[in-house]
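Undergrad: Let's have the full structure, built from the sequences with the hints guiding it.
First to last, the protein sequences are chains A, B, C and D. Residue numbers for the first sequence follow the working numbering, so the first one is 1 and each next one is one higher. Residue numbers for the second sequence follow the working numbering, so the first one is 1001 and each next one is one higher. Residue numbers for the third sequence follow the working numbering, so the first one is 2001 and each next one is one higher. Residue numbers for the fourth sequence follow the working numbering, so the first one is 3001 and each next one is one higher.
If you're looking for bench data, these hints aren't it; they were derived computationally from the structure. All C-beta atoms in this analysis are idealised placements derived from N, C-alpha and C, irrespective of residue type, glycine included. One or more of the hints may lead you astray.
[Said to hold, decoys possible] List of simulated lysine-lysine pairs, PhoX-like, C-alpha gap at most 25 Å:
1) K3142(D) / K51(A)
2) K3144(D) / K51(A)
3) K2142(C) / K1012(B)
4) K3123(D) / K12(A)
5) K1051(B) / K2123(C)
6) K2024(C) / K3024(D)
7) K3024(D) / K2144(C)
8) K1012(B) / K2024(C)
9) K3123(D) / K3144(D)
10) K51(A) / K69(A)
11) K12(A) / K3142(D)
12) K69(A) / K37(A)
[To be verified] Here are the in silico distance ranges between beta carbons for each label pair:
13) R2073(C) / A1044(B): 40 to 46 Å
14) R2050(C) / Q1045(B): 23 to 29 Å
15) L2137(C) / G1014(B): 51 to 57 Å
16) R2050(C) / G3012(D): 27 to 33 Å
17) A2150(C) / G30(A): 48 to 54 Å
18) G1014(B) / R3003(D): 39 to 45 Å
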Amino acid sequence: MNVLYFAWLRAKVGMGEERVVPPAEVVTTGQLVEWLKARSDGHAQALADLKVVRVAVNQDYVGWDHPIKPGDEIAFFPPVTGG
Amino acid sequence: MNVLYFAWLRAKVGMGEERVVPPAEVVTTGQLVEWLKARSDGHAQALADLKVVRVAVNQDYVGWDHPIKPGDEIAFFPPVTGG
Amino acid sequence: MIRVQTEDFDPGAELEAFSAGNGKVGGICMFLGLVRDYLGDDPEKAAQVRGMTLEHYPGMTERQLEAIETEARSRWPLHDVLVIHRYGRLDPGARIVLVATASSHREAAFQSCHFLMDWLKTKAPFWKIEHTEDGDLWVDAKDKDDSAAARWDQKK
Amino acid sequence: MIRVQTEDFDPGAELEAFSAGNGKVGGICMFLGLVRDYLGDDPEKAAQVRGMTLEHYPGMTERQLEAIETEARSRWPLHDVLVIHRYGRLDPGARIVLVATASSHREAAFQSCHFLMDWLKTKAPFWKIEHTEDGDLWVDAKDKDDSAAARWDQKK
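TA: Following this line, the structure appears as structure tokens:
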């Protein structure tokens, strides 16, 4: 699956996009977060406080128990500040 | 005093403006209305139903017991419909 | 600023001049009122209005609009206010009124613009006569305009 | 119509094209958002912002804005909706966003425009970074934007 990071999450992770293949038992957005945090200090810092992180699956806002599957586009970003 | 009529009140009275000198006992807008109604059928028709008439003295909205005096500009008109 | 005029205006040019150069303005809200081509509240009565004429009370109009502007500025932190209202004969589709407010904050811009339109509708001495196929009709004041204006009394 | 772009836009020209020729439009409400030259909510911190950069999530931005437009059209009788949102580097005073709604009735125009801005603020995936004398600062989301958007939930 394709994972995207925006704004200060991108800065902390150190990249805007990565392709990942998590193990089969990672089936929710929340589980993906835990798995991603083990990949690097940058990931761990970016995803440390989920109160200031939003997640979208295939460009729709979802919660931390939302199912994920191979091929999904999963994006992590801070609360939005446009307009 | 100078009396002005606007919109359909002007059409009913048959003029937009007239100078009048009411007797000394006419000291409120409501009393002026009663005195004006006796001037012509047009006046009587225009001022028959005060629920659909507004009055301004010297360009400020006032009520029917507002004092009037020589030299005032007194206007009668329907509820406004601008904007 | 208040302008009462027969001439048309250019909303884009007005907006450009209005917002120019004040770096503290974060939001501008603008309302533009147009002459509709149908009668009353029913769009199905289309193309029956051949135009309208707006009569006003010179002097009192400006006085009331200035009072409304002053009231808006006392309620919200505004950098600028513009009200343009036309009178005279207007064709269907013509611009009637423009209200614009500029503030540092969008909520103040929205609310003050809305307030100005609602108060203008019930306090500025303008009267519309519609020119229709069946003759000329004075437009009646609407109860909903009174209630729209009244909600700002409660918020004061 | 939704447009997400780096280029500037001309609000007057947009407004002219937006309102052209529909005789059923009685009111147009427009909101224009600009880059302020000060930080946070304090106008006294003037001239500290040298500009900002707006990042967004291409694809999701358009998708969310279209969903917001659809929602607005389902709630109010609108003849037209326009949302333009810029991204990339913007100088102080630059235009960021334009929202315009056209309806037969002013209340629908005002409410829908206000709704679009409030929802856009909390749902469209844009992020601002302010370039200041002291470095670059990501702008924090504001609670008051959430509560502004939430009031429309209650009204539904």
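Undergrad: Looking back at the numbered hints, which does the structure fail to meet, lowest number first?
TA: Violated hints (numbers, rising): 6, 8, 15 and 18; every other hint is consistent with the structure.
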